[in-house]
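Protein chains in written order, with the numbering used here: chain S, 1 to 284; chain L, 1 to 284; chain Y, 1 to 284; chain W, 1 to 284.
Simulated from the structure, these hints should not be mistaken for laboratory data. Some hints could be false.
[To be verified] Computed cross-link-like contacts, SDA-like style, restricted to lysine to any residue with a CA-CA straight-line distance of at most 25 angstroms:
(1) K208/L / R55/W
(2) K208/S / D204/Y
(3) K208/Y / T209/W
4 protein chains.
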Amino acid sequence: MSENIESESPLKRQLRTIIFGTDTPAGRYFDIALMVCIVLSVALVFLDTVEVFHREYGQIIRVLEWVFTIIFTLEYGLRLYCATHPVLYARSFYGIVDLLSVLPSYLALLIPGANFTLVIRILRLFRIFRVLKLLRYLSEGNVLLRAMMQSSRKVFIFFFSVSLIVMVLSAVMYVVEGPDNGFSSIPKSVYWTIVTITTVGYGDITPKTGLGQAIAAFTMLIGYSIIAIPTGILTAEISQEVGRHRDLRSCNQCHKTGHDLDAMYCSRCGCELDSLDAPVENDA
Amino acid sequence: MSENIESESPLKRQLRTIIFGTDTPAGRYFDIALMVCIVLSVALVFLDTVEVFHREYGQIIRVLEWVFTIIFTLEYGLRLYCATHPVLYARSFYGIVDLLSVLPSYLALLIPGANFTLVIRILRLFRIFRVLKLLRYLSEGNVLLRAMMQSSRKVFIFFFSVSLIVMVLSAVMYVVEGPDNGFSSIPKSVYWTIVTITTVGYGDITPKTGLGQAIAAFTMLIGYSIIAIPTGILTAEISQEVGRHRDLRSCNQCHKTGHDLDAMYCSRCGCELDSLDAPVENDA
Amino acid sequence: MSENIESESPLKRQLRTIIFGTDTPAGRYFDIALMVCIVLSVALVFLDTVEVFHREYGQIIRVLEWVFTIIFTLEYGLRLYCATHPVLYARSFYGIVDLLSVLPSYLALLIPGANFTLVIRILRLFRIFRVLKLLRYLSEGNVLLRAMMQSSRKVFIFFFSVSLIVMVLSAVMYVVEGPDNGFSSIPKSVYWTIVTITTVGYGDITPKTGLGQAIAAFTMLIGYSIIAIPTGILTAEISQEVGRHRDLRSCNQCHKTGHDLDAMYCSRCGCELDSLDAPVENDA
Amino acid sequence: MSENIESESPLKRQLRTIIFGTDTPAGRYFDIALMVCIVLSVALVFLDTVEVFHREYGQIIRVLEWVFTIIFTLEYGLRLYCATHPVLYARSFYGIVDLLSVLPSYLALLIPGANFTLVIRILRLFRIFRVLKLLRYLSEGNVLLRAMMQSSRKVFIFFFSVSLIVMVLSAVMYVVEGPDNGFSSIPKSVYWTIVTITTVGYGDITPKTGLGQAIAAFTMLIGYSIIAIPTGILTAEISQEVGRHRDLRSCNQCHKTGHDLDAMYCSRCGCELDSLDAPVENDA
Numbered sequence: 001m002s003e004n005i006e007s008e009s010p011l012k013r014q015l016r017t018i019i020f021g022t023d024t025p026a027g028r029y030f031d032i033a034l035m036v037c038i039v040l041s042v043a044l045v046f047l048d049t050v051e052v053f054h055r056e057y058g059q060i061i062r063v064l065e066w067v068f069t070i071i072f073t074l075e076y077g078l079r080l081y082c083a084t085h086p087v088l089y090a091r092s093f094y095g096i097v098d099l100l101s102v103l104p105s106y107l108a109l110l111i112p113g114a115n116f117t118l119v120i121r122i123l124r125l126f127r128i129f130r131v132l133k134l135l136r137y138l139s140e141g142n143v144l145l146r147a148m149m150q151s152s153r154k155v156f157i158f159f160f161s162v163s164l165i166v167m168v169l170s171a172v173m174y175v176v177e178g179p180d181n182g183f184s185s186i187p188k189s190v191y192w193t194i195v196t197i198t199t200v201g202y203g204d205i206t207p208k209t210g211l212g213q214a215i216a217a218f219t220m221l222i223g224y225s226i227i228a229i230p231t232g233i234l235t236a237e238i239s240q241e242v243g244r245h246r247d248l249r250s251c252n253q254c255h256k257t258g259h260d261l262d263a264m265y266c267s268r269c270g271c272e273l274d275s276l277d278a279p280v281e282n283d284a
Numbered sequence: 001m002s003e004n005i006e007s008e009s010p011l012k013r014q015l016r017t018i019i020f021g022t023d024t025p026a027g028r029y030f031d032i033a034l035m036v037c038i039v040l041s042v043a044l045v046f047l048d049t050v051e052v053f054h055r056e057y058g059q060i061i062r063v064l065e066w067v068f069t070i071i072f073t074l075e076y077g078l079r080l081y082c083a084t085h086p087v088l089y090a091r092s093f094y095g096i097v098d099l100l101s102v103l104p105s106y107l108a109l110l111i112p113g114a115n116f117t118l119v120i121r122i123l124r125l126f127r128i129f130r131v132l133k134l135l136r137y138l139s140e141g142n143v144l145l146r147a148m149m150q151s152s153r154k155v156f157i158f159f160f161s162v163s164l165i166v167m168v169l170s171a172v173m174y175v176v177e178g179p180d181n182g183f184s185s186i187p188k189s190v191y192w193t194i195v196t197i198t199t200v201g202y203g204d205i206t207p208k209t210g211l212g213q214a215i216a217a218f219t220m221l222i223g224y225s226i227i228a229i230p231t232g233i234l235t236a237e238i239s240q241e242v243g244r245h246r247d248l249r250s251c252n253q254c255h256k257t258g259h260d261l262d263a264m265y266c267s268r269c270g271c272e273l274d275s276l277d278a279p280v281e282n283d284a
Numbered sequence: 001m002s003e004n005i006e007s008e009s010p011l012k013r014q015l016r017t018i019i020f021g022t023d024t025p026a027g028r029y030f031d032i033a034l035m036v037c038i039v040l041s042v043a044l045v046f047l048d049t050v051e052v053f054h055r056e057y058g059q060i061i062r063v064l065e066w067v068f069t070i071i072f073t074l075e076y077g078l079r080l081y082c083a084t085h086p087v088l089y090a091r092s093f094y095g096i097v098d099l100l101s102v103l104p105s106y107l108a109l110l111i112p113g114a115n116f117t118l119v120i121r122i123l124r125l126f127r128i129f130r131v132l133k134l135l136r137y138l139s140e141g142n143v144l145l146r147a148m149m150q151s152s153r154k155v156f157i158f159f160f161s162v163s164l165i166v167m168v169l170s171a172v173m174y175v176v177e178g179p180d181n182g183f184s185s186i187p188k189s190v191y192w193t194i195v196t197i198t199t200v201g202y203g204d205i206t207p208k209t210g211l212g213q214a215i216a217a218f219t220m221l222i223g224y225s226i227i228a229i230p231t232g233i234l235t236a237e238i239s240q241e242v243g244r245h246r247d248l249r250s251c252n253q254c255h256k257t258g259h260d261l262d263a264m265y266c267s268r269c270g271c272e273l274d275s276l277d278a279p280v281e282n283d284a
Numbered sequence: 001m002s003e004n005i006e007s008e009s010p011l012k013r014q015l016r017t018i019i020f021g022t023d024t025p026a027g028r029y030f031d032i033a034l035m036v037c038i039v040l041s042v043a044l045v046f047l048d049t050v051e052v053f054h055r056e057y058g059q060i061i062r063v064l065e066w067v068f069t070i071i072f073t074l075e076y077g078l079r080l081y082c083a084t085h086p087v088l089y090a091r092s093f094y095g096i097v098d099l100l101s102v103l104p105s106y107l108a109l110l111i112p113g114a115n116f117t118l119v120i121r122i123l124r125l126f127r128i129f130r131v132l133k134l135l136r137y138l139s140e141g142n143v144l145l146r147a148m149m150q151s152s153r154k155v156f157i158f159f160f161s162v163s164l165i166v167m168v169l170s171a172v173m174y175v176v177e178g179p180d181n182g183f184s185s186i187p188k189s190v191y192w193t194i195v196t197i198t199t200v201g202y203g204d205i206t207p208k209t210g211l212g213q214a215i216a217a218f219t220m221l222i223g224y225s226i227i228a229i230p231t232g233i234l235t236a237e238i239s240q241e242v243g244r245h246r247d248l249r250s251c252n253q254c255h256k257t258g259h260d261l262d263a264m265y266c267s268r269c270g271c272e273l274d275s276l277d278a279p280v281e282n283d284a
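Generate the whole structure from the sequences, applying the supplied hints.
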């Protein structure tokens, strides 16, 4: 869109279409190849932590890890080279994720035992979101995201009230059960309360006294009934979002709205309707 | 419907009505007898794995297993014999399930210790779906299926996002807790994260460090709140499906739509309405 | 309503008003006294199973148990005496529950160690439902019951499909994990699968092999996502029931319907509306 | 509003604006400072129960605890001094909470080992609700609260029915499993049933016999399906509340109602709409 785009080399322009675009077949193949590389490289990181694999195939895994690192380094260099605004790209969310998927391998070379780089290498997975664009799944994700945004205030109030209840119950259980039964401190007691109120129930810490078991039963019933609240909030919002989504499906000929999500033709004039995603992507 | 049906023997035609049909009393009795055989034969497979039963009644169970195998073999032969298109039947979903319910017993005769045939023998249960047709429960199942199909894209996006969160949390927990506390590899850590985020909480692997317990509590709260999302998606879709189902209930006389699901007479002209399942089965 | 009611003694008629009715103050006091007796007698049964209470207060508990038995026997006799149709009462649901709350104590006298009578004695609790009538909570219960009846077919299809999945998964886990890891038989494996798919997760049986843990994780995700289905079904039905309930709130003057559940006056003509429960109880 | 307000000192009036009000910048800073103090003082109580912190920083924690106690005492004194009606304030809900957040520290001075004062000190957290007023989150909380009030009768009926089922199942499990398998009394069996029916599943008490495991599986399936009921009730109510909330958004110019929750301008005449919270806070 700016002037210096006009003067750039055709190679750079073509590379940009392939690497950043998803409309040409070449761009699509590039995205799919990239997604496969990401998934394989993360699978390698996972397998390398398994004792047996590390012993047997440790050498191969390390080589493959370097192959992927070089691929991602090349890709990052190409993106920097052919981006319209390299600095803007490097500072963008995806630019940072792209850099983070390359750096840890070099760091691991310098600091051998640094397994905290593991976690950063796994952040590569977020690059898949970029590839998802070509799958046209985003409009569905938008409905979910908007529903969550709409209900975020109610959910905040909910979690705030729940955390107050959790803290009071934790203090009560610490006093009732005491360190002898595993409730060694209030923070540990908070851990137990969350394990109980979310109905996870590991059983690593359990009440032993009668009173403690009664309070635990009460905590469970609270958890059981308040699980309904976020569900209710979100369901109400998603219902509204789906309804609004449907209203967006208007006929280009007679402008009738409110068609079914899977309708292909206008129910009044019989004209073909736009595909489901179109109206949403236009305003997104 | 094709010409060779006309020339076939009346016995074959009558057998087909009984074996494949559900409209005549004989066809219904055949289906019920078949269902009883399936349930009994699967119950036998289950009981045979219980130590006590195997020791005491092993002989009887083996005999009965052969009786059912012969019954199902005969039934499969009869179906092949009287099907309008034997090859089409043999290749259809139910044709393969019917064959699979017979073969494993013969295989078990040749390879004595092959208890993987167990699982295939249990697939017999899917034959019950065929029998369910006569119970007129399918229209209800259709409402559920359609609701699930409609929401499958949103659910896919949901599970994709959840699996990203699961992998990142697994890597974090592997680094924080380490092999000493049971998180021996990232795949094992993924297992723990799924156990936690789905609120199952076996307790076979639990965090021991303070930081690990804090992250675990955070994981539980995520699981607790995102359980609301698929519920919200599906509820919105089922509500719409039920509404659409109601719209299908139109009066044959005055064509008024939108009657209650349990209404017997048209609320405007008083004519008797079709039964609930009729309009759906017509278009299914 | 029949002729012999006219000729019966006034005492009998008054007793019936007190024992069976809930409209007079005396009838209400009788019901509340009865509810207190039921709750106390069940609390006694519960406390008697606690080691400490049994040792310390066993004698007192046994005496009180007899006091309550005599009270309930007297009450049952009075009900039989003053019922309009004693035989019909004795055969009715509540008649049988009333008898069952008396008999076990006598049986326990004859067969000392029979602690199966415990369970029958606790069935007394169902008598509280009769007392609830006076609390006017039944119309709310009706909304729930009707919603559940409406959705029972969908829920049946759901549970039928789930039980098929459970059985196949159980057989797979039995083959994969085997008796060495606690999956000693398929029925036990079914128990494990239900513990997992309902997200209870005791942890008394857990998968040990890598493949088993992968299948377990898959089972949990199934359980996690299908928990949404019954919720969706029921929510859709309850929404409809609440809506229908609202439609029943019509103004006696101008016949406008659809008033809020907590509205006191007609929104069009300003006349006072009937209380919430009235229209429902009339047609129930 | 009463006459003696006019005659009071300007200092007192200004103090009241700062301490009780949330409209002036000074009042807002006071509230935020107070919230920070509350959170810090509760964090201190929590950390003090951790063995390591108590040993290392016990001295500092005790000093800081006294600093906060003096701050809260001063604040309570100021509130009493500048309240329009000191007696009404002292008797109000927040007045009592304010007093309770000060007293326990003095009590702990007199009775050294009294760790039941812990719980009371944590009740300080409820003072945060007062501060939340300035965050304008209350209208969202009102929607939730009203939805819960509306559905409280249905939820009561639900919990009453569930508790009957729990008691009967507990008695059955006590008889089936008996004290040898951990079901040492019916109250303990009730604890197990609640752990199971809420899908918490600690695993500290688990059925060992085949029949017990079958009943346990049945209990889980009940818990799994009835979890849908409160969700359904609440979702239906929240949907209605959100709808009603939307109806309240009327245009001041043309009086059109039913605008979207995030709409800024009237969809008919284009006038600016009031902010979301305004109409609710007016009638609350």
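Please verify whether K208/L and R55/W have alpha carbons no more than 25 angstroms apart.
Given pair K208/L, R55/W holds - Cα atoms ~21 angstroms apart, limit 25 angstroms.
For the pair supplied as a hint, K208/S and D204/Y, confirm whether the alpha-carbon distance does not exceed 25 angstroms.
Satisfied, since the Cα-Cα distance of roughly 18 angstroms is no more than 25 angstroms.
Hint check: K208/Y vs T209/W, CA-CA at most 25 angstroms. Holds or violated?
holds (23 angstroms)
Hint check: no violations occur; every hint is consistent with the structure.
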